[in-house]
Every structure is written in structure tokens, then in C-alpha cells.
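**Q** Residue-level listing of the chains:
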Amino acid sequence: MISDPLLQQSSPVLEEGSDDDQLLRVSLGPQHPSTHGVFRMNVELDGETVVRLKPVFGYLHRNHEKIAEGQTYLSSMPFTDRLDYICPLTNNWAYAHAVEKLAGIEVPERAEYMRVITAELTRLINHTAFAGFFLGDMGAWGSALMYAFREREKILDLFEDLTGARMMSNFMRFGGCRNDLPDGWLERCRALVDNYEPFLDEMEMFLLGNEILIARTQDVGQLPKETLINGGITGPMLRAAGVAYDIRKVDPYGIYDRFDFKMPLGEKGDCYDRLMIRFLEMRESLKILKQAIKDIPEGDFIAPKAKIRGFKPPVGEAYGRIEGPKGELGFYLVSDGTPQPYRYRVRPPSFVNLTLLEEMCVGLDIADVVIILGSVDIVLGEVDR
Amino acid sequence: MMLGNVEFEMAWLAPEQWPRLPQHLVEWLVALCGLPEWLVSIAGWFTSAGVVVGVFMGLFALLSLIERKTLARVQNRYGPNRAGWFGILQPVADGIKMLTKEDIVPAKADWLLHLLGPVLIVIPSILALGVIPYGQDWVPVPLELGLVFFFAVGAMTEIAVFVAGWASGSKFPMLGAMRAISQMVSYELPLIISALAVVMMSGTLSLPEIVESQGGYTLGFLPQWNLFTPWGLSAGVVFFIACIAEANRCPFDLPEGESEIVAGHMTEYSGFKYALFFIGEYLGLFAISALGITLFLGGWQSPLPIFDFLPSWLWFFAKLAVVIFIFLWIRATFPRVRIDQLMRFAWLCLIPIALLSLPTAAIWHYANKANNDIVAWIATMPLVLIPWVVLTVLFNRRLSPATTRTYHFAE
Amino acid sequence: MAIDQKLADDLKSQGVHVTSFEQLINWGRSSSLWPLQFGLACCAIEMIAATMAKYDMARFGAEVFRPSPRQADLMIVAGTVTKKMAPQVVRLYNQMAEPKYVLAMGACAISGGPFKEGYNVLKGVDRYIPVDIVVPGCPPRPEALLDGLIALQKKVKGEKLIGKDRVRHADPNGMAEMPVPEYGPHDLQPPMNPEVWKPKAKIRKEGEA
Amino acid sequence: MSGIIDMVLASIRAKVPAANATVRTNPGPSGQDSLMVAPESVADVMRVIHDEHGFDFLSNVTGVDWPDPALAEKVAVIAEGDADAEGDAKADGEETPAECGFLEVVYHLYHTSERKGPLVVRSRTKDRGEGAKIASVVSVYKSAEFQEREIYDLYGVIFTGHPDLRRILMWDEFVDHPMRKDYVAPDDYEYEPTPHAAVIEKAAQHYPAPDAD
Amino acid sequence: MKDAKHQEPAGKAGKWTIPGYGLLQGLFVSGRNMVESYYKKERCPVIQYPEEKADISPNFRNFPFLCYDGDRPETGLRCTACGICEKECPPQCIYIVMDRDENGKAKKRPKVFDIDISVCMNCGICAEVCPFDSIYMDGQYEMATDDRFEKLVLGLDRLAKSTDYHMQLRPKEATAVMEKRKAAEEKKKAAAAARAAKAKAAAEKKAKEAKEQAEKNADDAKGGTE
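From first to last, the protein sequence lines are chains A, B, C, D and E.
Under our numbering, the residues of the first sequence are numbered 1 to 385, in order.
Under our numbering, the residues of the second sequence are numbered 1001 to 1411, in order.
Under our numbering, the residues of the third sequence are numbered 2001 to 2209, in order.
Under our numbering, the residues of the fourth sequence are numbered 3001 to 3213, in order.
Under our numbering, the residues of the fifth sequence are numbered 4001 to 4226, in order.
Read the hints as simulated data drawn from the structure, not as lab findings.
Even glycine gets a Cβ: it sits at the ideal position worked out from N, Cα and C.
Among the hints, a few may not be true.
Some chain E residues well away from chain C (every beta-carbon gap over 10 Å; in silico) [unchecked claim]:
| id | residue |
| --- | --- |
| 1 | D4101 |
| 2 | A4144 |
| 3 | R4148 |
| 4 | Y4165 |
| 5 | E4179 |
| 6 | E4204 |
When the alpha-carbon atoms are kept at most 20 Å apart in a straight line, the in silico EDC-like pairs for lysine to aspartate or glutamate are as follows [unchecked claim]:
| id | chain 1 | residue 1 | chain 2 | residue 2 |
| --- | --- | --- | --- | --- |
| 7 | D | K3181 | C | D2187 |
| 8 | A | K154 | E | E4036 |
| 9 | A | K225 | D | D3172 |
| 10 | A | K225 | B | E1102 |
| 11 | E | K4053 | C | E2143 |
| 12 | E | K4108 | E | E4150 |
| 13 | B | K1069 | E | E4036 |
| 14 | E | K4053 | A | D157 |
| 15 | E | K4040 | A | E153 |
| 16 | A | K249 | D | E3114 |
| 17 | C | K2155 | E | E4150 |
| 18 | A | K294 | A | E153 |
| 19 | A | K312 | A | E69 |
| 20 | E | K4040 | E | E4052 |
| 21 | C | K2157 | B | E1102 |
| 22 | E | K4172 | A | D183 |
| 23 | C | K2154 | C | E2143 |
| 24 | C | K2155 | E | D4147 |
| 25 | D | K3116 | B | E1102 |
| 26 | A | K307 | E | E4128 |
| 27 | C | K2154 | C | D2132 |
| 28 | A | K294 | A | E197 |
Bound-form chain A, shown alone (with noise of 0.2 Å):
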């Protein structure tokens, strides 16, 4: 035990027998129907207002980095599609774009199209099935969540028939992806990104002008631009604020500085306006894959150099970030010459986005605190790793 005066000084939140004896201490989690997980938050309330939230983690701290320490490159490939379990395929990419920048390989034309098409459907499932959760968090009973998993039944067939998993695709290679799209997929996906729009538009009609909901979102759970800056939010919560700030945008990785496509902003950055942000993004995830789809060249879908077994990077770092449909997910990955990387390091987006959990809270009723996490759009495999 590390003997700290510095660690005996706890935080002062969590002292018994203050002045407020009269709050009511509730833990929501760590089996509770609407952390999403195994989450848990330690409230103080005061009637229904939260008076302070101390978030709780590692209900799922599978020791993912350990894990991966030990194990060669390629091993860790599929365990990265356990991270954030509702889009492996941008787990994927991410860790295979970081490994890709530390040993400098170069990826063929067909297999970065090929990643963008699937991490832009991954993207949708992702925005959908957050619709659904984040209407089941506000004790809906389950009709979005069911539509959503309607459609993403859709993508997941699509994914099946490609990578051969609906959920843990283990796709990606470094330098390219592990297999070719099967014959007639392309069309196949045509066929459904033509027919995501009238489901966005019946998502649309369904939620976005119920006035229950409109009540519950708007103005609740709002800061200020610089301090989600400053508090490390990114993707479609940072966004919402009205932060032009999207990596695909501003840091281009892969091939996306081909695409027409647009950040959509908001300006208020309350729940409300997340939720709208990421209706509007799944717009532009739409017209990324139209245009994939059409240019989408013939030829190698991975480097023919890239080596699969016995995979060695030159010795030296990597800090490589995507964004993610949840926002920036990195890979710092530390090599040493040997095939195993010393140093794995994810940078969930999830976990950092939770930093503000608190400030977002404080003064709200409990039930905006289900809808506040709700909106931060929180996978648990990612923020306990």
C-alpha cells in the first residue's frame, strides 16, 4: 500500500457526516436498466435533484491492454472488436491505422474504400441503435429501440455475409482488410443505403417532433464549448456544442478528403441537439457510401507485402485516432522490435467522454441524469477496457 498523505486526502465529496444528512444517497448500477451496461453512478440527491454524481468504473475492466501486451499484433485484432461492441468494424480500423503509422505500411486503393464503407455502416448502426437505447432511457417501451434493431439486423446481414461475424468482424488486416466483398454485396448494399432514407425520414416523423421528448431534451444537460474542449469530448457530443471538430474532417485518415460530405453542427449542445446531430450525421454517412459505392476501384484488397503471421514493426511509437461513431478513438502503441507492442494504449471516447458526467448533472432531476448518459452515448466494453 502506497502510504500518500497525498491519498488519505480524499476527494471531499465523499465524506460522511457533513452538513447534508438529509440527502438521499442512491448508486444507480451497476445493474440498474439504463446505464448500459454494468456503469454505476453514486448520486446525492436532494428530493429527485442530483446534488453530486460520483461516476463508478471498472465493472468491466477485462484488462483488454494487459492482454494485448502479451499477445502478438494480430491476436489483439479480434479483441478490439470487443471494445466498443456495437462497431467492431471502427474498432478495427482504428487499431490497424495506429499499427499501419508505427510500421508504415501503405494500405491499396479497393481496401481503404472498402474500410470506409464499412466503418460508415457501422457509423449508422451505431446512430440508430442510439436513437433506440436513448428513447428507451426516457421510458419509451421499446418501439424506437425495435425499429432500430430493424434495420441494423439489415447491416448486420450485410456484415455477416462480408467478415463472416454479425458483430465481432475481426476484419481489418495491416494493410488492407482479410478478404475480398463477396460477389453481389456491393449491390446489396446499394439496395439498402436507398432504403435507409425513408427509414430516417419514419425515425424523424417518429421522434424528433414529439413534444415529450422535445420537453425532456432541450436544455438539459448544456456546457459551454470550451469546457467540453477542455474536458476532452469529442464526436457527436463536442459537435452538438457547435465545435467544427471531426477528425475525419480536420486530421483526414484513410481516404476521406475524397468525399463530399459536411459536418453537421448545432448550437446549443443539449441532448436534444445531440440527438438531432446524429440524425444529421447518419445523412452524411449516407451520401459518403453512395459515393463509395460508385467509385469503389478494382485491386488488391490488402498490400501484397503485408505479412499476416510473424508480423514485426520497427521499433518506435504510434498515436494513431479515427473518429469513431462515439468520437476520437486512438491507439498508442509502443514497439520494441519484438512482435508483441511493449505499450497498447486505447483512447476510448466513451470513457473520456464521461470526464463532464458530473458538471452535465449536478442540479438536475434524476431522471435527466438517465437521459444525460443516455445522449454521452456510453459502450461499457470501451470505457473499462
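Given the coordinates of chain A, work out where chains B, C, D and E should sit on it, guided by the hints.
**A** The following block gives chains B, C, D and E in isolation, referenced to the frame of chain A:
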């Protein structure tokens, strides 16, 4: 067939009289045995109560299945269809499971109150069902002050919910109980005030007479139900919304609030006590919808004169089905409101509209006396429209910034 | 209690269904397995998918996900149980009312799965609570979960409620409460519950058949 | 990239001379060079970077364990060529006790509006025991709060000035720092039908004569 | 945000709505879904699982299996027990023991090949790295059981599946593999023939050399004695 003092009549076999047939038969049989008259009437009361309880228990079982199937259909699924033909035995399976499940009383709970909670929630619902006129001749207990009785008994559920939440000795039930008390007490007001308009117009507190007063048809086809009058429309809408809140249904199911406070006051209940909550909730839903139908939808009156040949109780249950379906539909669609919004909605929106419906009803009454419908409509419509106009303006100006939200696109 | 099977079959062919009280109770229980709304990790998403439109677990009467353990019959352990989470899982199990069933879904819940080398990962939830059905896969398809549910229904239907070989929860002395492990300085204390965890220790040296 | 680093380096040397700032070039193809500063002045350095250079977004904070300092010198931290920095690096090297290793914290910073980055800043603790202390940057970048707690939990780096330094991923009673290279996982061997090296050793301890019967 | 070009707003600015309109829209959507679920397949995509099964893509992978040629797994197993999959398997769930004859010489076939599917993470890396076209991913998923210890360790008896099974599962892949193997076999045969010829020649040459040597030695000896 002249035995005892009850005579068998062939009229009992008419469809209109079917619901009372058991009561008649029991009375007849008891009298046949030569038992005294007071025993005959007691036997009759018990039978008629048994019919009501039996019918609504059956409907409860059916509704619990229909609810799951309707939700499933809204959500593009089939719903339960394995237990029995078309899943018809699903409620039976649920019942068997609930009955044979362990009953847990938490260590910190007050065992007596913990037991009383679910019992207290079922009793008032059944009592309230007793005063409703289900058919022309089918009023289990024809009370003079039926409406007062209904509200008096209905208020007991609030206590039951609070007892359940408090007795569980844990935090989420306590939060649920507090929510339930504040919500139900606030929504009693619009509920009663809007019912008051009906009482004003019909001049009676007896529910059968209120139904009688809604008989007849304007122009030969438009039924003279209270809902189809200007004051009735606004009072009816308020009543319907308050109904949802009183029955703790979505979007006002805050005491249960699954995503926030786990299961509210029911969190610590297992086995059959939990099933009792379920029963109480559904019977309460039946009772309050039945009252709504009685007050605003003409009770057992048929909607068109040509359907008068159908038994009146059939019409009552058809209307009940429609109202319950709307409840289900709403539940499948809407998210839940927040507690402060709920309260503000009751005090700032529903109660003013309900209060406004009282003078509207008065004006309608006097205008109607001149036997001129058009004058009555013209005289009352402004009063009905005012709240909606005010609401629309307020909503667009202040309450709904969605109309002013803009989103930009950046490169 | 038991009914002569042959007689019952004969009657059934005549259109008369005969059942014993035991069979009726077991049928009721198996047709109304309400799961606990409790998702741990990746498998939880497939569990949700199994209740959704395409697979529709509701057909088996098992879509009523109860958020409170008191009202749930079935605990679907869907995902990695970490050591930090394990005491809570055991507590939830204890809070459930009898009869209660546990379905371990996915590799992590069964054995720790791919994460079994982790320092914070419990190597199988059956170290602390008895597991009735395991569904392998990482994650199992929703169909596989339904397959597991059907297997559990079969198991429930075959339970003996009286007699010597009756099931645990029909026995008044049946152990319903599992001791909750405590957080220790290095590991959970105790690391397993020997009452529940009885591995058939088959140990081989590397390179040995 | 080097342009930013040189600019930042100059101002840090002027403003925070105690930081002993040097540039370390990255031997790998990624070319992400880093800025090495002294552990006790990390917060001051960050303040300068934040206020004067506008790097408003601290993306990633992470720890690295170097029980073997020779390896650390080999990997990722080749000192820059110019004489000034070389001297500093040497001084730095002398400070580091060669035998006990050290813990390192790496920060990745970005400039959101000018779209610059990453600026990699790193700092090393004196040793891996009592002296594993680094100034916390939470006062400058709120986003470091949970990440620093995570590094404290998994590596045992104490961040001086952190508002709420508790364990975050493991439970509070836990005493080890599991991401360190020399951490030994608790011995919870169990049934494993497909054993490999580490498991077999543990199995042998649990069941002294596994095949005795 | 210097270079963020703001463009046309996407909100619904300036529109007047009546309160409750959004709620009615929601009711309309859910009502439409309910009604259409009775006659539109797209609105009711339920597959009644145990009776009917969704057509799963042939590429779907669940657990691995071992492929054997011919009809007897004992002889036709393609696996050579090289142990590459064992080494590459991320969760280390494969366990192989090489079969050896009495002298301890490797027979190039596994004696034990166990896969613990209670650990397997369905990643497919074993199939990807196998150089002998032996291990493939199966689509079988109905594996629920109540016995974790006995039924979740797949031994050779449950893993070995014939090429016909593979052909049925993924015709395209299986055909490609068969053709490749056939070509390789022919090449091997040719190579073997060539090698045999070469070996024969070499042997002859060697024999000849030996003979010559012997003769020479004999000569030497003769010379020595002389």
C-alpha cells in the same frame, strides 16, 4: 312456476339480461329452497359482485396478453404465441408461475404493511367497479352518489402505493412512492373538476342517470354524448389525460419509472404480491376507463340508432376496448415525462382548462334552453378555443425552441 | 403423482389431455421465464437482438425483462463477469426469488473466454452461482440464445418437485443464498465457492494426451 | 510537426526553465517526436502550451512502465542531435537511476481550431516506488482527470495536485498496480482443458501431483 | 473556427406547430407499423426460430472444424499437427499433441486435437493462418448444453468433418481449395517423380562412385601392399 317469492321469467334469457342471468338464477334457486328473503337478496348481491369480479378478472387476463401482443405488433413482432393456441394460455402460465414463486420479504421491510400494500391496491379498484352502469339493466350497485363513491374509493390507491413503497424499506421504492403521491394527488384535481362539468349538466351524481341523460341523437344520427359538446370536449380531453396519470400509465408512469427508479414501489415485491400489483393496476385502468365512458362517451348508449337492437352492455365493452386500445397505443409510442413537467402540466395546463369547462357548460346549458344548438355552439366555442390558442402561442413562443433550432454544416 | 405415460398417451389420442400438478406447474414456469434486465458486455447486445423483431424471444413468453431481480425468474449472464462485478452478480442472484435459473451466455460467462488471462476477469460465473445452461459462442447468435432458452424450458419441464430426487428449489433445505465474495487486496475472497464449483480437474502437461 | 515542437520547446525553455525540456525523436516511421519534461513541472509546461500555443484539447494521457531503462533508451527516445539538447538528455540520463527503472506518462495534445497536432509530451518519474510522482494537469486540462486516475490505478503513478486520486478501474481494496510489467496475476487456476505454459505451472502448484491417481 | 464555413441551416426554423402535432405524428408512425405488420413482411421480419431458420450467410463462422479427405478421419485428416494455429490462437484454446510412433518419430498427424469452445472467440485466425487447408470455421451454432466440462471441449471425434461437409457449407471456398490441393498434389507428384528420378540418378551415380571408390581403394590397397 310460482315458488318462493321469485318467479322465473323468460325475459331473463334476453341478451340484454345475460349479465344478470346468474344473479337471477341464484336468487331463484335460493328462493326455491325456501330461504328467507334477506338471504335471497344477499345471495343475489354476492352473485352480482362475483359476476363483475369474474368478468374483469377474465378481462385482466385477456388484456395482459393483448397488451403484450399489441406492443409486439407495434414493434413488428408476433408476441407470445407458444403457450396454447395463439398464446392464449400465456396469462395462465404467468399466473401459475407467479403463484408458485417464492415470496420474499426484505429484511428491512415492515412485513405487515408490505403485505397490505398490494392488497390495498386491488380492493378499491374492485369496489370502484361496482358502481359503474354496464348496461341498461346492469348496475351492480346503483348508488345515488356513485360518482362521489368512485372518487372516494379511487383515492385509496394512492395510499396503497405509498404504503407499498414505504414498507419496502429501500430507496427506489421510496422514491417511487413519493412520486406516486405527488402525481396522483395533483391529477385528482383535473379529474374531479372535469367530472364536475358533467355533474353540472346532468344535475345528478348517480352514474346510471348520467348515462341516461346522454341518450338521444341530434339530427337523428349524432349521439348526444357529452364528448360531442364543446364543454364536453375540453373536459373529456382533460379527463382522459388525467386518467392516464391516475392509472400510472405511460407517458405518466413515473412511480414505476423503469429506466430511472428500477420498478418504483414494486421493486421489492416478488411472486404473487407482485401479481396483485399487476391486477390492481389493470383493474384500476378498467375502472377509470369505465368511468370515462360513463361520463363522456354515453356509457352503454349505442352510437347509431340502427344499432339499438344490440344489447347495451355490449356497447359498453366495445367502448371499453377502444379506450383501452388507445391506452396501449400511447404506451407503445411515447417516452415518459419528467416529474416537474408532469406537475407543471397538471397545475398550469389541465386545471385551468378543466376550470374553464365549468362556465362553458353553464353557458351551453342556458343557450341550449333556448333550444337553439347553433347559438349554443357559437356562444361556447370561443371559451373552448381560448386555451388552445393560448397554448399554441405559448408553445411556439417559449415552450418549443425546436421551432427556432438551427443546425449548420461546416466543411 | 406420476401418471402412467401410456394411459396419458392413449387418452391424448382420444382428445383428452391429462396432466399432473407437477407437469402443470412446470409448464407454467417454463412458459413464463421472465429474464432479469441485466446485460454485462457484448453478449448483452445479442441478447437484446434476440428480443427484437427478427428473433422475437417474446414468442416463448420470455420478453418481460424485469429490472428488479425480485420479479425475474431467469438470469441471463450475458458477458464477461469481472472480479469487480462478481459480488454484485452473486447478490443479484441471491435477491431473485425461487425458482431461479441461470443461463450463462457466451464464452466469457462460461469460462472467462478470451479474457480469461486477465487479472480482473472471473473465470466462469459458475465459480459462485450454479449455472443451468451454457450457450457457447463469442457472442452466440440470437438463435443460439433461443436454442439455450428452449433447452432450459426442456430442463424446467423435466424437474421433479417431490420425492427424493427433487430439484434444489423444491427442497426446503435447498441452498438459495450463495455467499457473496469480498474484495481482497489481490483477488476476491474466497476465489471460488466450493459448494458450487466442482471442476472435473483434468490437468495435463503440455504435450500430453 | 517539428516546427510546432521547436516553437513550443523555445517558449518552454524560456518560461519554465525548471522543466529541462528536450526533444526526443521517434525512430519509427510515424515520426511523432515528443517533448520530454521534468515530472514536477508538467503542469506548468501544460499551462504554457495551453495558454500560449492554443493546444486546447488533451486527447490522451497514458502511462508506460519501463522496469529496464536500457530498453527505454532504445525505444522511442533517441535524443535530438543538437548540442544543447544532448547535454540535457545526458543530464536527464544521469538523474535516472539505471537499475530501478521508471514510469513514464505520455500526453497527446491537439489544437482544435487550427487543426494541429499531435503534440506529444512525456515525462518520467524518478523511480517506480515512492518517487513515482508527477504533477497533475487536471487544473489545465479537465480531460486528464479520469485518465490520470486510471494511470494511478494501473501503474501507481501519483499525480500531485489531482483533486480526487482514487482507484478507478479496480476496487479500492486492491493494492497492486496490474499494468506494470512485473505484476503477477492472482493465482486462480482452474479447470482448463487446453493448457499452455503459464497455466500449467500454476496447475502444478494447485494440484501437486495432478496425475497421481 | 476560422475555416469552418457555415452553411445553410438544417433546422425547421420559423414553422408554427400546434401543440400535440408531434405526438400525433408519433402515434401515426406506430399505428402504421402495427397495421402493416399484419400484411407486410418487411414490417414483421420475425423468423420463428426452432421451426424455420434464417438463411445464414455461408461465410458465417462460429467454431472451427477440421477437414479430412476421403471418408475416414483417421487417415484422411489434412492436419499435420504443425501447431501454428495453436500458437496464433488469441485466447489459446487449441491444444494439439503430435502423434508419434514407438521411436518417437513424428507421424505428422495429431494424436489429440482439442478445441475448448467455452473459450473460443470465433475470430477465425486459426483458419486464416493454417497452411494445410485443414482448419475451417463451421456455421453450426446450436450448442447449448448443461454440461460445461464434458460437452464444450471438442476433440478430434467432433471436430473432424469431411470435405463433403465443407463443400456443402461453402461450395465456392471448398472448390477453390480442392482445385488448389489437386494442383498442388499433381505438382507434388510431378516433383516427387522428378525427385525420384533424380534420387535414382543420384543413387546410381553414388553407387557408381562408390564402386569406383571401392575399386580405387582396392587399387590403393593393392598398391599399398605392393
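**Q** State for each hint whether it applies.
**A** The hints, checked one at a time:
{"no.": "1", "hint": "D4101", "result": "holds (14 Å)"}
{"no.": "2", "hint": "A4144", "result": "violated (4 Å)"}
{"no.": "3", "hint": "R4148", "result": "violated (5 Å)"}
{"no.": "4", "hint": "Y4165", "result": "holds (19 Å)"}
{"no.": "5", "hint": "E4179", "result": "holds (31 Å)"}
{"no.": "6", "hint": "E4204", "result": "holds (42 Å)"}
{"no.": "7", "hint": "D:K3181 x C:D2187", "result": "holds (18 Å)"}
{"no.": "8", "hint": "A:K154 x E:E4036", "result": "holds (19 Å)"}
{"no.": "9", "hint": "A:K225 x D:D3172", "result": "violated (34 Å)"}
{"no.": "10", "hint": "A:K225 x B:E1102", "result": "violated (53 Å)"}
{"no.": "11", "hint": "E:K4053 x C:E2143", "result": "holds (9 Å)"}
{"no.": "12", "hint": "E:K4108 x E:E4150", "result": "violated (27 Å)"}
{"no.": "13", "hint": "B:K1069 x E:E4036", "result": "holds (15 Å)"}
{"no.": "14", "hint": "E:K4053 x A:D157", "result": "holds (14 Å)"}
{"no.": "15", "hint": "E:K4040 x A:E153", "result": "holds (17 Å)"}
{"no.": "16", "hint": "A:K249 x D:E3114", "result": "holds (12 Å)"}
{"no.": "17", "hint": "C:K2155 x E:E4150", "result": "holds (18 Å)"}
{"no.": "18", "hint": "A:K294 x A:E153", "result": "violated (24 Å)"}
{"no.": "19", "hint": "A:K312 x A:E69", "result": "holds (14 Å)"}
{"no.": "20", "hint": "E:K4040 x E:E4052", "result": "holds (18 Å)"}
{"no.": "21", "hint": "C:K2157 x B:E1102", "result": "holds (18 Å)"}
{"no.": "22", "hint": "E:K4172 x A:D183", "result": "holds (11 Å)"}
{"no.": "23", "hint": "C:K2154 x C:E2143", "result": "holds (16 Å)"}
{"no.": "24", "hint": "C:K2155 x E:D4147", "result": "holds (12 Å)"}
{"no.": "25", "hint": "D:K3116 x B:E1102", "result": "violated (63 Å)"}
{"no.": "26", "hint": "A:K307 x E:E4128", "result": "holds (12 Å)"}
{"no.": "27", "hint": "C:K2154 x C:D2132", "result": "holds (11 Å)"}
{"no.": "28", "hint": "A:K294 x A:E197", "result": "holds (17 Å)"}
Checked against the numbered hints above, the structure breaks hints 2, 3, 9, 10, 12, 18, 25 and satisfies the rest.
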